Structure formats: structure tokens, C-alpha cells
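Trainee: Sequence:
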Amino acid sequence: MTLAHPAYAQVREVTPIVSVMLEDNPGMMTLDGTNTWILRAPGRAECVVVDPGDADEEHLARVAALGPVALTLITHRHFDHTGGVQRFFELTGAPVRSVDPEFLRGGGEHLVDGETIDVAGLTLTVIATPGHTKDSVSFTVEGEGTVLTGDTILGRGTTVLDDSDGDLGDYLSSLRRLLDLGSGHRVMPGHGPELPELNVVAQQYLDHREERLDQVRAALGALGGTPTVREVVEHVYSDVDPKLWPVAEKSVNVQLAYLRSLD
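Numbers 1 to 263, taken from UniProt numbering, label the letters of the sequence shown in order.
Keep in mind the hints are simulated off the structure, nothing from the lab. Watch out, some of these pointers could steer you wrong.
Result set (EDC-like, lysine to aspartate or glutamate): computed pairs, CA atoms no more than 16 Å apart in a straight line [stated by the list, open to error]:
#, residue 1, residue 2
1, 243, 231
2, 134, 100
3, 134, 102
4, 134, 163
5, 134, 113
6, 134, 90
7, 250, 263
8, 250, 163
9, 250, 165
10, 250, 231
All values derive from a computational prediction rather than experimental measurement.
Make a model of the complete structure from these sequences and hints.
Mentor: Written out as C-alpha cells, the structure reads:
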């Protein structure tokens with residue numbers, strides 16, 4: 001029987017190289033939970049793990065048991081992707097690589113945009129995709145047309161931009177960069193199910209962001225003066241459950257900063 005998303009605490013094969021274990025940490029920001037990706041070349045014992053998840057001992061132990069782990073990669077700094085980094089390193093001894101130096105372990109080096117990583121029979125390419133956070137990166141898997149997008153593109157819904165270090169200008173550029181990869185690439189997101197066509201989803205994300213920007217501009221005109229972020233959210237996100245408005249405020253803060261940068 002082929003497993004379907006969501007399948008907690010089980011290894012679900014997505015392609016001959018890429019499998020996923022879904023962490024049981026569903027929530028407003030994590031959707032069904034955090035996807036921990038396991039990459040293994042056919043016939044090889046070692047694997048690469050992308051985003052071990054948060055500090056969930058059972059999840060970390062299950063992923064570590066799939067090893068030996070040759071390398072751990074981090075898509076971005078958020079706790080639901082990195083909270084378990086130290087414990088996972090203790091369990092596997094595998095070096096950890098990321099953009100943010102806080103998560104480097106075992107001699108792992110900073111990830112560099114455009115670099116090629118040859119490990120455990122796999123060839124991965126790093127693509128800097130900041131915007132959701134400053135340190136966000138994606139990874140392509142050579143020979144498969146798969147792209148691990150972290151939270152830059154999700155399996156459903158749209159991405160919230162972190163107003164502590166997220167940047168809409170960067171995010172739009174990152175989406176265009178993913179779009180430029182062309183057709184035939186599957187999305188392996190940080191949350192939600194995988195998607196079949198990266199370029200289609202990237203274009204939808206770009207269109208959505210432009211639509212929201214137009215709505216924010218219109219809200220500023222309609223409200224007049226210097227409206228609060230919450231007032232803009234209530235105007236623009238009137239079609240969204242009010243429970244989500246505090247989250248929407250993060251994106252609106254980033255949108256307003258972007259509009260100010262254009263003045």
C-alpha cells in the first residue's frame with residue numbers, strides 16, 4: 001500500500017531518491033506538521049536529511065534510525081525545522097550545514113548560493129531563496145527534477161513572511177528564481193504535500209503577492225492617514241478567519257516595509 005500525505009511517523013517514498021517523514025507537530029504555522037526529507041541514492045546505505053524538525057525525541061530517533069546519515073541540511077532557522085538539530089547531531093554524528101551559523105555542527109560549513117554538494121552518491125545544488133526568512137535556501141536534486149523549498153513554497157496555502165528578517169523584495173526575487181528553473185520540477189515543501197509543477201506554483205505565488213500588494217495599497221488609500229497594521233489587516237484580510245489575523249500582521253508589516261522602500 002502506497003502511503004499518502006499526511007502519514008505521521010512513517011517513511012513515505014515520494015521518488016526513488018526522496019522520502020519524507022512527517023513530524024506530528026500540526027499547527028497554525030506548520031499545517032499538518034514539519035516535513036523531514038530523507039535523500040538516498042539507489043543502492044547506497046548513507047542518506048542526507050533535510051530539516052530534522054523540532055525537539056521531538058521520538059521523531060528524531062525515528063529519522064536517525066534510517067541512517068547512517070552522511071549530512072544534515074537546514075532550509076531556514078525556524079524552530080519547527082531546527083529545534084532538534086543538536087539532539088539529531090548527537091544521535092547521528094553527521095555534520096550539519098546551514099546559512100545561519102547557529103546550526104552548524106560537526107565541521108559543517110556555511111551553505112553558499114550556487115554551490116554543488118556531492119555526498120552519498122547524490123548531487124545537490126544550493127539556491128538562496130531569502131524572503132520568508134533572511135537565511136532561507138532551497139535544494140535541487142540532480143537527475144530527478146525535484147526541489148526542496150523549505151517554507152519558501154508550501155504544499156498548500158501561501159507562505160507567511162517573518163517580519164523580524166523577512167523581506168518581500170527578496171521573496172519576489174526568490175520566486176522568480178525558482179520560476180526560472182523551468183518546467184518539470186516537483187516541489188518538496190517544508191509543510192504540506194508535494195506538488196507536481198514548481199513553475200506553476202511559483203507563478204501562482206507571484207500573482208498572489210502582487211494581488212495582496214494591490215489590496216494593501218487600496219487599503220491605505222481607503223483608510224487614509226496612518227492606519228495601524230491591524231486596521232490594514234482587517235481591511236485586506238476580511239475573507240480570512242480572524243484567528244489568523246495575528247499571523248497576517250507579520251506579512252502586512254513586510255508588505256508595508258516593501259512599499260516604503262519603493263517611495
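Trainee: For every hint, state whether the structure bears it out.
Mentor: Results for each hint:
1. 243 with 231: Holds. Residue 243 to residue 231 sits at ~15 Å (cutoff 16 Å).
2. 134 with 100: holds, 9 Å
3. 134 with 102: holds, 14 Å
4. 134 with 163: holds, 10 Å
5. 134 with 113: holds, 13 Å
6. 134 with 90: Cα-Cα ~27 Å, so violated.
7. 250 with 263: Roughly 21 Å separates the two Cα atoms, so the pair is violated.
8. 250 with 163: Since the Cα atoms of residue 250 and residue 163 sit roughly 5 Å apart, the hinted pair holds (cutoff 16 Å).
9. 250 with 165: Holds: residue 250 and residue 165 sit about 11 Å apart, inside 16 Å.
10. 250 with 231: holds, 13 Å
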